[in-house]
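**Q** Line order of the protein sequences matches chains A and B. Sequential numbering of the first sequence, starting at 1, is according to the working numbering. Sequential numbering of the second sequence, starting at 1001, is according to the working numbering.
Distance condition first, Cα-Cα at most 27 Å in a straight line; then the derived BS3-like pairs of lysine-lysine:
1) Lys478/A x Lys1032/B
2) Lys650/A x Lys731/A
3) Lys77/A x Lys1032/B
4) Lys1032/B x Lys82/A
5) Lys1032/B x Lys484/A
6) Lys658/A x Lys646/A
7) Lys658/A x Lys364/A
8) Lys1032/B x Lys86/A
9) Lys1032/B x Lys282/A
By construction, these hints were calculated from the structure, which means they are not laboratory data. Remember, it's a predicted structure, so these values are computed and weren't measured experimentally.
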Amino acid sequence: MAVITNEVCYHCGDDCVSKLLVKDEKNFCCNGCLNVYSILSAGNLHNYYKLNKHPGESQKKENQQFDYLNVPDIAAKLLSYKDAEKTIVTFYLPSIHCSSCIWLLEHLNTLDAGIIESRVDFLKKQVYLQFDHNHTTLQQVAQLLTSIGYEPLISLQDVVNESNSKNDGLIPKIAVAGFCFGNVMILSFPAYFGISATEKHFGEFFSVLNLLFCIPVVFYSGLDYFKRAYYSLKQGVLNIDFPLALGIAVLFLRSIGDYSFGVGEGFADTLTGLVFFLLIGKFVQQKTYHHLSFERDYRSFFPVAVDVMNENGETKPVALESIKEGDRISVKNQEIIPADAILLNGNALIDFSFVTGESKPVQKVLGEIIYAGGRQTAGSLELEVIKPVSQSYLTGLWNNESFQKSNDTKTKTFVTKVSHYFSIILLSLATLTFLFWLPTSWQIGLNAFTAILIIACPCALALSTPFTMGAALSILDKNKFYLKNTDVVEQLAAIDTIVFDKTGTVTLAENNSVEFIGNLSYTESNMVYSVCKNSSHPLSRKICSFLNSSENFMIEDFNELVGKGMYATYNGQEILIGSADFVFGANNKAITSPQVHVSINREYLGYFKINQKLRPQLGELMLSLNKNYHTYLISGDSNQDNNLLKQYFKSNLHLLYKQSPQDKLDFIAKQQRNDAKVLMIGDGLNDAGALQQSNTGIAVTDNINNFTPGSDAILDGKSFHLLPNILKFTKATVNIIHLSFCIAICYNIIGISFAIQGKLSPLIAAILMPVSTVTIILFTSISTHIQAKKHHLLP
Amino acid sequence: MNIIFFLIACSVTLALFFLGAFFWSHNSGQNKDLYTPSVRILFDDELVEKPAEEKTAEENEQKLKSNQ
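With the rest of the complex left out, here is chain A (with noise of 0.2 Å):
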């Protein structure tokens, strides 16, 4: 029926449907490839093309025009820098994704002379532009990015503008530990080969720069760990950098004390060292995705303006906090209602997946409330705001206690239990031994007591966790899964029940599968289509992309009845299309998924059978998640497709429907007072509530730009069968962070062997701690990555 093409497009590479859009011997799959090119090989940007093939992002979708940036309110707020000459602006364009890109966005004064200078930050995905204001202004900056395909996206919670300074400290600490540490190394050296009684003043001036190099290693780099250790203190918890802090300590001291009375050459080697380690490890754990973000809300998901509507009917682009009661707002297809508001005009089909998880869109007549969240499917809409966005539908509910509520349902961390006893042990052990002592002689005992304290300072228990969870995180990212942090993989690791939701989780939302029961030959399959594609319904769109049809008759008389169906002639035939009632010879069968019939000439021709398509490979997946765990579906729909699902899960209980996000979280609730640990599969605001009550929320996107708050890690819809191995990968983790922590344990023994009788010389600390550091370090990035070839992970 399709006629298949075997063009793809020049552009984006995507298949081209007709052969019409042709340009210097090019396909193009739309019109929107089409302009990009021309643009392009206007301004003699050829190279673009060049670089890589198919560079473009499909243009298939609708363009905004930035009127809003015009507003020098708005414009105010997403400038970095303006003064008479120039202005600099930073986007976010999430369609940065190759090195043509990046050549593209950095040539962009050959399109536009007013651009002084434009410079890609890739793995942001921003662009930082300066600009003469004199020649060119941001909204034509702003659609000469999207002209070219790569539309800004600026939305109510800039993410531009976001700092990112979490990590700036770091690294300046890790400069100066490391500065010290080399420094410190040269200057013991001779002291563990000995130095002879004529060359004393050497080694005293080596022990005073040592000293002065553990200043600022302590004061500078090390001043976190003591800050964790006495807010943990008065928590009155004893969480592993109490221990760290206390070793840190006490080797300083012990090192003065050395050097004061003149007994030995002091601790300053294995000071740095360890200081060096620990923030080496921080460092690796430390793991920031530019491109996602775990912490947007609501207002990332609201635009930046709204066109409202004067007395004469004009329209004027207006910031969205200054929308008031009473302002009339015009919302254009695919837009977001951004306020509760009355329907004033216009066809209203409101796609509220979003907020409630039906993925039907919802008919609204004239004169109904339509809350904030929603997306117009069908034209444009006049509405009158009834309430400001501060107090919307979709803000109340974001701000809802149980959406807020902070997490502890999340389970403590292995070392946050470890450290505990450890430093109970820990501390009892010196003291026992220095009362052991202090009989003999009280110097040995303070010796000692120092000794096991520096030697038991857990340097290895402390990197164990860091090294190991910063190698499972870069392999799960390999596999396009990202998490928030790395707490989530031991959470994972506990996981016994998985909550699915079904709207985008298990079924794909965008990409319905069409099948026609009957007979159409080519010329009535050409008349559907032509029919098809003068609605905005969103079944009439699912249909004339299955369809495809290149032929395009001219219609006559064609009338569309919201609800029911379409009417139109074509050389004198009659073509009705639309619901069982409406089309002339459907019977009314038992309906399971929504049907749209056909008759021509009052001839019945059969329907078309609109599925929800289910994620490819869910079948296998669900079977070795069934084994291990117990699985549940919660959806925010009514029951369509329950034939279609009902097989993947243990029985009909495990199935629920219509349940309100409020529901979701209440069942997941309910769940882990039965002792489950929840692992929730969701994705969107709906869901919202369930991720952050559940013990880990997964959230599935195949958008990784897209909003997904609450959730603990975002999991490329791509990388969706992947699930039962990552999960098994997580519990391999643990395991190791265990095994290793068994080694640290080991050489933490033999060191304190040393310490209790006194014996502990500043050269087997200093050989102890970096051997038992490295040994963990191999171990750990060893087993880890060892494991993820045995749950295939890498390849």
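Once you've looked at the hints, dock chain B against the given chain A.
**A** The following block gives chain B in isolation, referenced to the frame of chain A:
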């Protein structure tokens, strides 16, 4: 052997200089984007084809220069 005091002073000063250089580069944002420059350096501006006349004119000029 007292030269060692001088040598160590030199080595520490030199190391401090490098530490300072690192801090300067870090604070001036050179470590902020570690990926894009690696791509950018591979772009060859010569790929942009110059109009044929211009090219031949340039070549002629160069030839003239080399002849002189």
